Structures are given as C-alpha cells and as structure tokens.
Amino acid sequence: MPEEYKSAAIERAPVIEPGHTFGTVTEKISAIVLTRPASNGWFVGFGLCFMLTMMMLYAIGYLFLKGIGIWGVTIPIGWGFAIVNFVWWIGIGHAGTLISAILLLLRQSWRNSINRFAEAMTLFAVAAAGIFPAIHVGRPWLAYWLFPYPNTMRVWPQFRSPLMWDVFAVSTYATISALFWFTGLIPDFATLRDRTDKPILKMVYGMLSMGWRGSARHWHRYETMYLLLAGLATPLVLSVHTVVSFDFAIGIVPGWHTTIFPPYFVAGAIYSGFAMVLMLAIPIRKIYGLEDFITERHLQNSAKVMLATGLIVAYGYGIEAFMGWYGGDRYDAFTLWNRLHGPYAPWYLSLLACNIFIPQVLWIRRLRTSPVALFFISGVILVGMWLERFIIVVVSLHRDFLNSSWGMYYPTRWDWMTYIGTLGMFLMLMFLFLRLLPAISIFEMRTLLPEAEVKE
Amino acid sequence: MAKRDPIYGIMAEFDSAQALVDAAHKTHEAGYKKIDAYSPFPIEGLAEAIGFHRDEVPLVVLIGGLVGGCTGYLMQYWMAAVDYPLNIGGKPYHSWPAFIVITFEMTILFAGISAVLGMLALNGLPMPYHPVFNVPRFSSASKDRFFLIVFSSDKRYEPVQVRKFLEALNPRSVSEVPS
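Residue numbers (the working numbering), protein chains in the order written: chain Y, 1 to 456; chain Z, 457 to 635.
Hints were generated in silico from the structure; no laboratory data involved. Hints may be right or wrong, so weigh each one.
No farther apart than 27 Å at their CA atoms in a straight line, the calculated lysine-lysine pairs in the BS3-like style are these [unchecked claim]:
id	chain 1	residue 1	chain 2	residue 2
1	Y	K286	Y	K28
2	Z	K620	Z	K490
3	Z	K482	Z	K620
4	Y	K202	Z	K599
5	Y	K202	Z	K620
6	Y	K202	Z	K490
7	Z	K490	Z	K599
8	Y	K455	Z	K599
9	Y	K198	Z	K599
10	Z	K620	Y	K455
11	Y	K455	Z	K547
12	Z	K482	Z	K611
13	Y	K304	Y	K286
14	Z	K489	Z	K611
15	Y	K28	Y	K198
16	Z	K547	Z	K620
17	Z	K599	Y	K28
18	Z	K489	Z	K620
19	Z	K490	Z	K611
20	Y	K455	Y	K286
21	Z	K599	Y	K286
Simulated restraints on C-beta separations [stated by the list, open to error]:
id	chain 1	residue 1	chain 2	residue 2	range
22	Z	L518	Y	A353	45 to 55 Å
23	Z	K547	Y	G318	32 to 42 Å
24	Y	F43	Z	R628	37 to 47 Å
25	Z	A577	Y	R36	30 to 40 Å
26	Z	K547	Y	A143	49 to 59 Å
27	Y	D197	Z	L530	46 to 56 Å
Keep in mind the model is a prediction, meaning the values are calculated, not measured. Ideal placement from N, C-alpha and C gives every residue a C-beta, glycine not left out.
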C-alpha cells in the first residue's frame, strides 16, 4: 500500500479495535454460540417472532382453504400485496450479496465483520420472498408447474415470458446464496467443533465442517472457489432485480413500461438491503458486545452506500417523471398526474419523503456515526422502499387505459397477516441464526489482524 | 492393499503464520516433498511454499459454466421450437433474445454448484476421519496455532532425522501422528 493511503487509513475508525489476537477473536465470536446462555430477551424476541410465524401459517392455511378471494386483489388490481412484498423482500436480500461478493472483489476488507450475517439476512429474505409467488398463483398446489419437467400433458413452460425468467433468476439466486453462505461457514464449523466440550455439538459441527482441517492445499482451493463464487454472484445479483423489474417493464401498463426500471430497481434493492443490514447490525452489536468488530467505520460506510444508492433511486424517480412529461404519451403523463393528485397521492408523497428527502440528513457526519439515528433513518428507508413497490404495483394498475375499468385496492386483514407474518419469520430465523452459528466470520476476522501478515 | 504405516507423519507446531511459512519453505527446500501445512486462516504463499501449484478449481468452474449455458439454451430451444412450438403473439418459435436470461442464469447456477462441489471433491471432503486429529494439540489449528507435517510416505522419510530436522526449525512442539 503506498504511504499516502496508509496514513489516510489510520485516521479513519479501525475495522477491528486494536488489542485483539487470533485467540480473543475466536473466543469472543464462538462464545455467543457455545457458552453464553440465552438471555430472557432472546426468548421473548424469539417467542414473539415465532407467534408471528404461526400467524402467517394460519393466514396461508386459510388462503389454501378459501382461495385468493380472501385477499384484497380484484380486477384491475390483480397484483396486490403478494407482489409488493415479494419485490421488497428480494430487494432486501440483495445487500447481503453485495456485501459478501461485490465488496470482496473490490477488496473492501471491512466487509469481513458483517458479511456472515448479511448473507444470512439474504437467505432468510429470499425465503420470505419465495413464499409470495408460490401462494399467489391461485392454485398453489400446482406451483411446481412453473418448472420445466417432463409431464403427461406434454406441454412446456413459455420461455418468452419474464415470469419464467423470474423463476430461474430467483431459484438460482436462492441456491447460490445458500452455497456461498454454507461454504463460508465450513472453516468456522471446524473452529466450533474444536472449541466445544459437548459430544453432541462436536458431532454436529464436525459433520457440518466436513472434516475441515485447514490444510494449505485446501485453503488454496477454497480461496479460489470463494473468489470465483463471488465473481459469479456479482452479475447474478444484478440480474435478479433486473429480471424482477422486467416483470413490470415488459408489460405495456403505463408506469411499468420504462427502460429505467432495471438500474433503478437494483439501486433500490441495495438501498433497502443496507437499511435492513443496519437495523439488524445496530442492536446485535450492542446486545452481544461486538462493537470491537462492527465499528463506527461499518456504520459510516453503510450510511454512505445508502446515500449513494438513494440518490440513484431519486434519479430514477426524476427520469420517470421527466419521461412522463417529455415522452408525450398521454397515459404516461396521466400516471404522473395521478400519482401526485389521485387517491393515492398521500402514499406517493410519503414515498418521496421517506426515500428522498429524509435520508439526505445522512450528509451530516454526526448522524452517520450515531447508531440510534441510523437505526431510525434505516427504518424510514425500509418503509419508503415498501411504499415504492406499492406505488409501482397498485397505483399503476388502478387507473390504466379505460376509465370504465378503474378501481381501488383495499388490502384485507389476511394480506396484512401474511406480510407481518413473513417479517416475524425472517426475524425468527435471525434469532436462531445468532444462537446456532457464528454471526461473524471468524476465519476472515483473523486475516484482518496485523499478525496475519506474512513476508515472503 | 499394502499394510498401512502405523505412523502417518511427524508434525511440528508453530506460534505464528510467519514461522510456519518460513518453516514450510525450509522443509520443502530440504527435499521433503510430501508435506502439508495447517493454519486457522488462509495464508498467502503457504500453498506455494509446500509445493502446491496446480489448482484445478477454475477449470471445473469453466466447464460447469459452459455445460450450464449450453443446457439452458438448448433446453429452451428444444422445448419452445421443437417439442412444443406455440405461437405467442406471432413471435418466432426460436426467439433467441428471450432465451438469453435463462441461459445466463443456468450458466451461473451450474458454474456455482461446480465451484463448490469441485472444491470439496478436489480437497477430498467430506472426510469423517483423518489421522492429524489424533494429535491432541491439533485442535488449536482452528484457533491460533500453525502446524507443519512431513508424511511418512515421503521418499526421504526417516523418523529420527525428520524429527531432528523439524526440531531445528524452532517449533513449539514436535509430535508423532499415529495413523
């Protein structure tokens, strides 16, 4: 590293607080899983989220019994909460892949302390997202028809449709995210296997670690694999939200049919994902005393990513509005007018406030370094990004070409129960993850210590 | 099957990554070729120091990606243009631009899966039993200790000399690894 960069790096807050050794890093992170007893707070939080998950299963069970008539979807708004929530959850997942893959390729070593739980977040968010398309198909017991499999009807799926592209993009994304997460855990499973005294845990972690022994040959292949997987996950994550945006952009509905959608969806995904990362990281570092590993630097950097992606999203809104006016298509122009003055105008104005105006306070350094302020701003962004998907899905559909087919969308209690239930399921899985697996990648943290450096 | 040597190798324990890399270099230069080094995190240059140069993972991933891409495209071509041609809005049966997305996703899917399975297979994992774990101190190899082993299958292996050689490298301890 050239000298001038070195001095600049020293001035910034460190990625890992000084004074740690290989031993203390290992002990501190593995203690959360192995020795620390679960607190009452954990049980309360887990219990609450478990109940919400049960509520979701109840809502889905009733849906299977009665059909999607229990939801608020009608014609013309055939895509309601299910698609809003699907896009929102998938978007949240994207930050995890960005942190683990793209920042790895860019050699941003600060990612090492947040990549593990960001990847877990990705996986759980994709799990929550995956529920919605499966249950909104109307006859969910036939959802497997989406996949091309040899069948007695002798028909095949229709590959010219973006909905089929979505099936492949999302299932590939789920598979690759799970692989990335699991292979990242293998060396840490070996650490837990060697640290625990309980024979059962030793066996479980031993099997999960696959007999990992840290051989130099193994590490070499492992690192090659990890780098290649990151290189594959990077275009993948960009493609996933691009394909999700194609679900809209390929259609001719005004408000959907626009070429700005792919980049603006991807930026929005990363925007909401980083907000979720911060909303999870801030309490976790406080409760488990991990401020040494998730430092002010991580909070600042995440805030900067949110600021940058937020501006790209703002540009997307700007271009949508500009093209509505400049394009000369009266339906596009009406969509813009309807957003600002139609029945959903308060929602659109809240969206502008949540996604564009309020996050601008992140320009202030003091707020970027304050965990409490960041926590609340992240919450605002998550609400804003949910509203964005609501505006895109519902407001575009509710007044299209013929005013004889205009309508309004009223979500029912079953819509809300399913949505809130997925939030509960997501958090429940996070609670379990924190207690059962190392929330911070132990072996990657070791590489950040000064003792890890080797001269030839 | 040939009778297995009761001793798998002789293992030395080091305190730091630097000491391990230096020791690995010296051992390899001294003519011991069947050696291995163990560390709690990846160390740059360590694999080269023990004479490991051929990493086939990238080739496996390339093949996986090519197979995935071809499978993806040909699957769509065969299904949409050969086995079940369906006129959708007058689009050609073989509408290749619409097939690109799934071709891309299948490329990534196959390449990613072959990266992980290829890495595990080339590393011989999962492996439920391995002799190095017979050394009680080896449990620190996943925490803060560094180990170097000379296998008994090495051509120049001779228990007393190997032990002497390793002790001269200034390790923390030297132990025999029963197989």
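These are the hints, each one checked on the structure:
| no. | hint | verdict |
| --- | --- | --- |
| 1 | Y:K286 to Y:K28 | holds, 14 Å |
| 2 | Z:K620 to Z:K490 | holds, 17 Å |
| 3 | Z:K482 to Z:K620 | holds, 14 Å |
| 4 | Y:K202 to Z:K599 | holds, 15 Å |
| 5 | Y:K202 to Z:K620 | violated, 35 Å |
| 6 | Y:K202 to Z:K490 | violated, 30 Å |
| 7 | Z:K490 to Z:K599 | holds, 25 Å |
| 8 | Y:K455 to Z:K599 | holds, 21 Å |
| 9 | Y:K198 to Z:K599 | holds, 18 Å |
| 10 | Z:K620 to Y:K455 | holds, 26 Å |
| 11 | Y:K455 to Z:K547 | violated, 62 Å |
| 12 | Z:K482 to Z:K611 | holds, 17 Å |
| 13 | Y:K304 to Y:K286 | holds, 21 Å |
| 14 | Z:K489 to Z:K611 | holds, 8 Å |
| 15 | Y:K28 to Y:K198 | holds, 18 Å |
| 16 | Z:K547 to Z:K620 | violated, 77 Å |
| 17 | Z:K599 to Y:K28 | holds, 12 Å |
| 18 | Z:K489 to Z:K620 | holds, 17 Å |
| 19 | Z:K490 to Z:K611 | holds, 8 Å |
| 20 | Y:K455 to Y:K286 | violated, 37 Å |
| 21 | Z:K599 to Y:K286 | holds, 25 Å |
| 22 | Z:L518 to Y:A353: 45 to 55 Å | holds, 49 Å |
| 23 | Z:K547 to Y:G318: 32 to 42 Å | holds, 34 Å |
| 24 | Y:F43 to Z:R628: 37 to 47 Å | holds, 43 Å |
| 25 | Z:A577 to Y:R36: 30 to 40 Å | holds, 37 Å |
| 26 | Z:K547 to Y:A143: 49 to 59 Å | violated, 26 Å |
| 27 | Y:D197 to Z:L530: 46 to 56 Å | holds, 54 Å |
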